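In case it helps, our numbering puts the sequence shown at residues 440 to 633.
For the record, the hints were derived by calculation from the structure and aren't laboratory data. None of the values given here were measured: they were computed from a predicted structure. Glycine is no exception: its CB is placed at the ideal position from the N, C-alpha and C atoms. One should not assume that every hint holds.
To be verified - Computed list of lysine-lysine pairs in DSBU-like fashion (alpha-carbon distance at most 35 Å, straight line):
| no. | residue 1 | residue 2 |
| --- | --- | --- |
| 1 | K453 | K510 |
| 2 | K479 | K453 |
| 3 | K453 | K568 |
| 4 | K479 | K510 |
| 5 | K568 | K479 |
| 6 | K608 | K568 |
| 7 | K453 | K504 |
| 8 | K504 | K568 |
| 9 | K504 | K479 |
Stated by the list, open to error - Simulated restraints, written as ranges between beta carbons of each label pair:
| no. | residue 1 | residue 2 | range |
| --- | --- | --- | --- |
| 10 | D604 | L449 | 28 to 36 Å |
| 11 | G497 | K608 | 37 to 45 Å |
| 12 | G448 | K608 | 37 to 45 Å |
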Amino acid sequence: AVYECLRGGLDFTKDDENVNSQPFMRWRDRFLFVTEALFKSQQETSEVKGHYLNATAGNCDEMMKRARLAKELGVPIIMHDYLTGGFTANTSLAQYCRDNGLLLHIHRAMHGVIDRQRNHGMHFRVLAKALRLSGGDHLHSGTVVGKLEGEREITLGFVDLMRDDFISKDRRRGIYFEQDWCSMPGVFPVASGG
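Please take these sequences and the hints and turn them into a complete structure.
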């Protein structure tokens with residue numbers, strides 16, 4: 440499917456956040472198979488292509504092993520589920536990616552359990568700020584339509600928090616105070632959720 444999608448015109452495909460390393464699809468086999476499809480489609484189309492290989496694992500050593508194999512294979516980008524993987528693991532992976540020329544796509548798997556409840560939990564605004572501190576190149580920001588639907592102004596507030604150096608107070612967008620991120624790198628917001 441990866442080859443057909445990339446050959447058919449898509450620039451990037453990605454592992455599902457739930458695809459990790461099950462008995463019917465081990466991570467190493469998937470990495471090798473997908474990389475072969477990626478390079479074959481690039482050769483045939485003369486276009487740069489990519490696939491987000493899910494490096495999320497049950498422990499940091501295994502996660503880093505996956506990141507190192509992705510780099511050895513020449514894949515330009517990997518993916519991490521930062522909430523299920525943990526912030527310390529995410530920071531380690533972000534530093535490795537930065538040092539080794541890999542892009543790091545951040546998935547927010549499990550966020551709905553944390554931020555969709557109005558009576559308890561933690562707002563996604565806080566999770567987005569924590570991710571920016573932890574590191575990553577782009578993060579699912581949700582959309583104003585689809586399964587990850589959110590209010591338009593609030594979603595635009597997430598986008599501002601992730602990418603802008605200075606955030607002005609704007610209660611319509613859920614921004615309750617000014618924030619200067621100084622030299623802290625931004626995170627590119629990615630529309631998600633169908």
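Please write out, lowest number first, the hints stated earlier that are contradicted by the structure.
5
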